[in-house]
Amino acid sequence: MSTSLQQVTGQEYKYGFTTDIESDSVPPGLDEDVIRFISAKKGEPDWLLEFRLKAYRHWLTLTEPEWANVHYEKPDVRKIVFYSAPKPKAAKHQSLDEVDPELLRTFEKLGVPINEQKALAGVAVDVVFDSVSVTTTYKTRLAEEGIIFCSFSEAVREHPELVRKYLGSVVPTSDNYYAALNSAVFTDGSFCFIPKGVTCPMDLSTYFRINNKESGQFERTLIVAEEGASVSYLEGCTAPQFDVNQLHAAVVELVALDDASIKYSTVQNWYAGDKDGVGGIFNFVTKRGLCKGRNAKISWTQVETGSAITWKYPSCVLLGENSVGEFYSVALTNHKQQADTGTKMIHLGRNTRSTIISKGISAGDSSNSYRGLVKVHPKAEGARNFSQCDSMLIGSRCSANTFPYIEVQNVSAKVEHEATTSKIGEEQLFYFQQRGIPPEDAISMIINGFCKDVFRELPMEFAVEATRLLGLKLEGSVG
Amino acid sequence: MVALEAAPLAAGVLSRLRPSGWEALRARAEAALDGQELPTTRQEDWKYTDLAPLRDLEFAPGAAQDADIAHAILPEARGSRLVFVNGHYAPHASNVTNLPAGVRFLNLACATEMAKDLGTLSGSDFFADLNLARFQDGALVVVPKGVRVEAPLHVVFVNRQEGAAPTFALPRLLVVVERGASAILVEEHQGTGTYLASAVAEVIVREDAQLTHERVQRESDQAFHFSHLAARVERGAAYACRTISFGGRISRSTPHVVMAAEGAELTLDGLALLGGSQLSDTHSFVDHTVPHCTTRQSHKVIADEASRAVFNGRVFVRPGAQGTDAQQQCRGLLLSPKARIDTKPELEIFADDVKCAHGAAIGQLDPEGLFYLQSRGMDPALARNVLTYAFAADLLARIPVTSLRRQLRQTVLARTQSGTLEALS
Numbered sequence: 200m201s202t203s204l205q206q207v208t209g210q211e212y213k214y215g216f217t218t219d220i221e222s223d224s225v226p227p228g229l230d231e232d233v234i235r236f237i238s239a240k241k242g243e244p245d246w247l248l249e250f251r252l253k254a255y256r257h258w259l260t261l262t263e264p265e266w267a268n269v270h271y272e273k274p275d276v277r278k279i280v281f282y283s284a285p286k287p288k289a290a291k292h293q294s295l296d297e298v299d300p301e302l303l304r305t306f307e308k309l310g311v312p313i314n315e316q317k318a319l320a321g322v323a324v325d326v327v328f329d330s331v332s333v334t335t336t337y338k339t340r341l342a343e344e345g346i347i348f349c350s351f352s353e354a355v356r357e358h359p360e361l362v363r364k365y366l367g368s369v370v371p372t373s374d375n376y377y378a379a380l381n382s383a384v385f386t387d388g389s390f391c392f393i394p395k396g397v398t399c400p401m402d403l404s405t406y407f408r409i410n411n412k413e414s415g416q417f418e419r420t421l422i423v424a425e426e427g428a429s430v431s432y433l434e435g436c437t438a439p440q441f442d443v444n445q446l447h448a449a450v451v452e453l454v455a456l457d458d459a460s461i462k463y464s465t466v467q468n469w470y471a472g473d474k475d476g477v478g479g480i481f482n483f484v485t486k487r488g489l490c491k492g493r494n495a496k497i498s499w500t501q502v503e504t505g506s507a508i509t510w511k512y513p514s515c516v517l518l519g520e521n522s523v524g525e526f527y528s529v530a531l532t533n534h535k536q537q538a539d540t541g542t543k544m545i546h547l548g549r550n551t552r553s554t555i556i557s558k559g560i561s562a563g564d565s566s567n568s569y570r571g572l573v574k575v576h577p578k579a580e581g582a583r584n585f586s587q588c589d590s591m592l593i594g595s596r597c598s599a600n601t602f603p604y605i606e607v608q609n610v611s612a613k614v615e616h617e618a619t620t621s622k623i624g625e626e627q628l629f630y631f632q633q634r635g636i637p638p639e640d641a642i643s644m645i646i647n648g649f650c651k652d653v654f655r656e657l658p659m660e661f662a663v664e665a666t667r668l669l670g671l672k673l674e675g676s677v678g
Numbered sequence: 002m003v004a005l006e007a008a009p010l011a012a013g014v015l016s017r018l019r020p021s022g023w024e025a026l027r028a029r030a031e032a033a034l035d036g037q038e039l040p041t042t043r044q045e046d047w048k049y050t051d052l053a054p055l056r057d058l059e060f061a062p063g064a065a066q067d068a069d070i071a072h073a074i075l076p077e078a079r080g081s082r083l084v085f086v087n088g089h090y091a092p093h094a095s096n097v098t099n100l101p102a103g104v105r106f107l108n109l110a111c112a113t114e115m116a117k118d119l120g121t122l123s124g125s126d127f128f129a130d131l132n133l134a135r136f137q138d139g140a141l142v143v144v145p146k147g148v149r150v151e152a153p154l155h156v157v158f159v160n161r162q163e164g165a166a167p168t169f170a171l172p173r174l175l176v177v178v179e180r181g182a183s184a185i186l187v188e189e190h191q192g193t194g195t196y197l198a199s200a201v202a203e204v205i206v207r208e209d210a211q212l213t214h215e216r217v218q219r220e221s222d223q224a225f226h227f228s229h230l231a232a233r234v235e236r237g238a239a240y241a242c243r244t245i246s247f248g249g250r251i252s253r254s255t256p257h258v259v260m261a262a263e264g265a266e267l268t269l270d271g272l273a274l275l276g277g278s279q280l281s282d283t284h285s286f287v288d289h290t291v292p293h294c295t296t297r298q299s300h301k302v303i304a305d306e307a308s309r310a311v312f313n314g315r316v317f318v319r320p321g322a323q324g325t326d327a328q329q330q331c332r333g334l335l336l337s338p339k340a341r342i343d344t345k346p347e348l349e350i351f352a353d354d355v356k357c358a359h360g361a362a363i364g365q366l367d368p369e370g371l372f373y374l375q376s377r378g379m380d381p382a383l384a385r386n387v388l389t390y391a392f393a394a395d396l397l398a399r400i401p402v403t404s405l406r407r408q409l410r411q412t413v414l415a416r417t418q419s420g421t422l423e424a425l426s
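Residue numbers (the numbering used here), protein chains in the order written: chain X, 200 to 678; chain R, 2 to 426.
Hints may be right or wrong, so weigh each one.
[What the hints assert, rightly or not] Straight-line distance between alpha carbons at most 27 angstroms, and here's what the computed DSSO-like set of lysine-lysine pairs gives:
| no. | chain 1 | residue 1 | chain 2 | residue 2 |
| --- | --- | --- | --- | --- |
| 1 | X | Lys535 | X | Lys651 |
| 2 | X | Lys278 | X | Lys253 |
| 3 | X | Lys578 | R | Lys48 |
| 4 | X | Lys535 | R | Lys339 |
| 5 | X | Lys622 | X | Lys535 |
| 6 | X | Lys622 | X | Lys474 |
| 7 | X | Lys622 | X | Lys578 |
| 8 | R | Lys117 | R | Lys146 |
| 9 | R | Lys339 | X | Lys578 |
| 10 | X | Lys543 | X | Lys578 |
| 11 | X | Lys240 | X | Lys253 |
| 12 | R | Lys339 | X | Lys543 |
| 13 | X | Lys395 | X | Lys240 |
| 14 | X | Lys543 | R | Lys117 |
| 15 | X | Lys273 | X | Lys543 |
| 16 | X | Lys241 | X | Lys253 |
| 17 | X | Lys241 | X | Lys278 |
| 18 | X | Lys240 | X | Lys278 |
| 19 | X | Lys613 | R | Lys48 |
| 20 | X | Lys241 | X | Lys338 |
| 21 | X | Lys651 | X | Lys622 |
| 22 | X | Lys613 | R | Lys339 |
| 23 | X | Lys364 | X | Lys338 |
| 24 | X | Lys651 | R | Lys146 |
| 25 | X | Lys543 | X | Lys364 |
| 26 | R | Lys48 | X | Lys273 |
| 27 | X | Lys622 | R | Lys356 |
| 28 | X | Lys364 | X | Lys462 |
| 29 | X | Lys462 | X | Lys273 |
| 30 | X | Lys613 | X | Lys462 |
[Claimed, not checked] Simulated coverage check for chain X against chain R, where a stretch passes if three residues somewhere in it have a Cβ under 8 angstroms from a Cβ of chain R:
| no. | region |
| --- | --- |
| 31 | 601-608 |
| 32 | 617-624 |
To be clear, the hints were calculated from the coordinates, so they are not data collected in a lab. The structure displayed is predicted, hence computed values, not measured ones. We put the CB at the ideal spot given by N, CA and C, even for glycine.
For reference, chain X alone in the conformation it holds in the complex (with noise of 0.2 angstroms):
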């Protein structure tokens, strides 16, 4: 592997501050009063402890998950602290000058449009900070609208029958491991609900961040898109650097009903811990989607950067007729970082349509697995997939796998699935060369035609954001 290559790889994380901000949190460990404490902390009402102790009594029956391709060690429940919040002030701040300045000096580090001013791009962003929503610019102007986009915890105390309605219905208590542990302790989050014909103004984004050492993330997120409504949704994610490894296990909840379009984008940047691979997030994410009506559409598009490990599945249930699913993902993973991920279309409706476009690059002693499900039941008449997987591979000790399980029960349906290998050859770097780019510069070209099918499905802050990103994440490692 030649230096430049490596110089590329080699890179650190550059986002690993923390901020020292009061706050507010259990001591570690999970059990019913934890959950009670919780609940009453956010002044919840009797159906949602149920809810949530209903999913802790399941999730006490459930054995964490083995067949993932990744290997590590089992996050310990009892050291994790299920709630941390930033102390809170008296009440909801108003206007942007009231919140923590030490708060808003870590987004503008981030680089998080948070500021008003700098939120020129309209994006209206909802800030999660160690599972607490911070604050939430652009509300006014979404509420003419009638859009409702806040924190989780206020949408429960200001609109419960619409959460009530919907949370649990795509991913249910009972659904794997993470998702019953996340439905029993998730602290905060965003809900975003968009009514009959109305089209989000501008795209709504949430921001991350983990900043407590012994703090686990349990976000939930529920978007739902009434009849002819749409929306794009953009999702970014950090975490400082510890060495310890920190659990973060979210659920996202998409319903779309008919006519409804949802365009879910994630850049994910948590830590990935340092080169030898100490410390770093266990990203272990249950995402689903339900195209409920006619011709909905639920597009996911994910940019996977960071995380120690990373197990995640961003779904589609293709249940209305017409309905589209569409998977778009750029996987990243460097030095020890593992990741299994993709998507699961399942088809219910007649003529439903899925496109799945994976690109995995991997480099360093990383491992990079592809997994995913096309499903099409007995009635999905005319259901039509297609499928791409590309890997890339960079440096010899790296892995990159392919899982695609195709499963077909309709004569009329057409799935087609297609995968590749290749690597950055030191041909064409000795092209770029010769053409007096730099190798690093020809990597990162390289890189970037290689995901431009999953780029350009990005919206335009983000692409550049993963664009620059997936150039830094690499710095030091081609060769």
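Starting from the structure of chain X, add chain R where the hints point.
The following block gives chain R in isolation, referenced to the frame of chain X:
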């Protein structure tokens, strides 16, 4: 904890007397089977193959007897044929009068000394262990250094249910093609009644040798057929293996091929033609352990009526196996609303300078092709049949034994031409 009931199948087979020879290996297999249950769908490897119909059956060992194999005779292999009935050697049906000098082609029980490679290959499962623990006999093929065998070597495994109780058979095959030698081997499984056949084939293709291995599975429609193939391809050797499956209520084929030295080449083809409520499962594993080996894999399934097809193709490129070139294709044709195809092409790659690709496509006949044939005056039913036959035909075209190719074409034709007569009249 609830005490688990011992799998009646394993217990039934193991209660038989241990045949002589290969004691250490048999003991190893028994140890592996100890406490083992019949695999269930909770196991990843058996996710799509439910052995429930097998669970409550009790199998008695099939007896040695003669068989009428007139219909199976290949003219090209008149003097190079071994026949086994229920896993026992059938000398009267066999004919090995026409073998090139030095070629060993005989039953294993007579050749314990020569079969020192038996049981040395990697990869095993529940059914392969059952076989190793209690197999009675099998075929041994040794093609010595530099010998080119022109006539195909033909091994026929016949399985027959005797009386009311279902029977089991444990046929076995060991093939060693020595340095620079070449041969064509036809391995056939067929039978009548309800029975379980758990077959194992071991194949070693040494340096610069070539082996074409045609495997034909036409067990009875009530049969349970499990066939494990363990192969090792050495430096510069070429191994071409093609498995054509027609029969069996539940059938499963598990080729496990190790690319053991540089320059080895593998062609692994499969075709399954299914109807009724048949289930056919192929779990292949190609292990690239060294640099510069090539794999071409093509698997096709045609699923009609309420049949189910499963394909799990795993290609593994180990660290350091640079220059690997592996390509895998899986295509499934669904012909009926009740049929089902589950497939999982897996790639696991631990080296960066490789060319690996896989593709999987499941669908139905191309409507444009159908339209074209109809525009030429062809009846829709006939057009469908022609295209279905064509889907399978390209794999058959490569079979080097003329009579076998013709035979298989006829079987495929007969299977894919339902309704043709009605369409023509």
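Each hint, compared with the structure:
no.: 1; hint: Lys535/X - Lys651/X; in the structure: holds, 25 angstroms
no.: 2; hint: Lys278/X - Lys253/X; in the structure: holds, 22 angstroms
no.: 3; hint: Lys578/X - Lys48/R; in the structure: holds, 22 angstroms
no.: 4; hint: Lys535/X - Lys339/R; in the structure: violated, 46 angstroms
no.: 5; hint: Lys622/X - Lys535/X; in the structure: holds, 19 angstroms
no.: 6; hint: Lys622/X - Lys474/X; in the structure: holds, 22 angstroms
no.: 7; hint: Lys622/X - Lys578/X; in the structure: violated, 41 angstroms
no.: 8; hint: Lys117/R - Lys146/R; in the structure: holds, 17 angstroms
no.: 9; hint: Lys339/R - Lys578/X; in the structure: holds, 11 angstroms
no.: 10; hint: Lys543/X - Lys578/X; in the structure: holds, 18 angstroms
no.: 11; hint: Lys240/X - Lys253/X; in the structure: holds, 19 angstroms
no.: 12; hint: Lys339/R - Lys543/X; in the structure: holds, 23 angstroms
no.: 13; hint: Lys395/X - Lys240/X; in the structure: violated, 34 angstroms
no.: 14; hint: Lys543/X - Lys117/R; in the structure: violated, 48 angstroms
no.: 15; hint: Lys273/X - Lys543/X; in the structure: holds, 25 angstroms
no.: 16; hint: Lys241/X - Lys253/X; in the structure: holds, 18 angstroms
no.: 17; hint: Lys241/X - Lys278/X; in the structure: holds, 22 angstroms
no.: 18; hint: Lys240/X - Lys278/X; in the structure: holds, 21 angstroms
no.: 19; hint: Lys613/X - Lys48/R; in the structure: holds, 22 angstroms
no.: 20; hint: Lys241/X - Lys338/X; in the structure: holds, 21 angstroms
no.: 21; hint: Lys651/X - Lys622/X; in the structure: holds, 16 angstroms
no.: 22; hint: Lys613/X - Lys339/R; in the structure: holds, 15 angstroms
no.: 23; hint: Lys364/X - Lys338/X; in the structure: holds, 23 angstroms
no.: 24; hint: Lys651/X - Lys146/R; in the structure: violated, 54 angstroms
no.: 25; hint: Lys543/X - Lys364/X; in the structure: holds, 24 angstroms
no.: 26; hint: Lys48/R - Lys273/X; in the structure: holds, 26 angstroms
no.: 27; hint: Lys622/X - Lys356/R; in the structure: holds, 9 angstroms
no.: 28; hint: Lys364/X - Lys462/X; in the structure: holds, 22 angstroms
no.: 29; hint: Lys462/X - Lys273/X; in the structure: violated, 33 angstroms
no.: 30; hint: Lys613/X - Lys462/X; in the structure: holds, 25 angstroms
no.: 31; hint: 601-608; in the structure: holds (count 8)
no.: 32; hint: 617-624; in the structure: holds (count 6)
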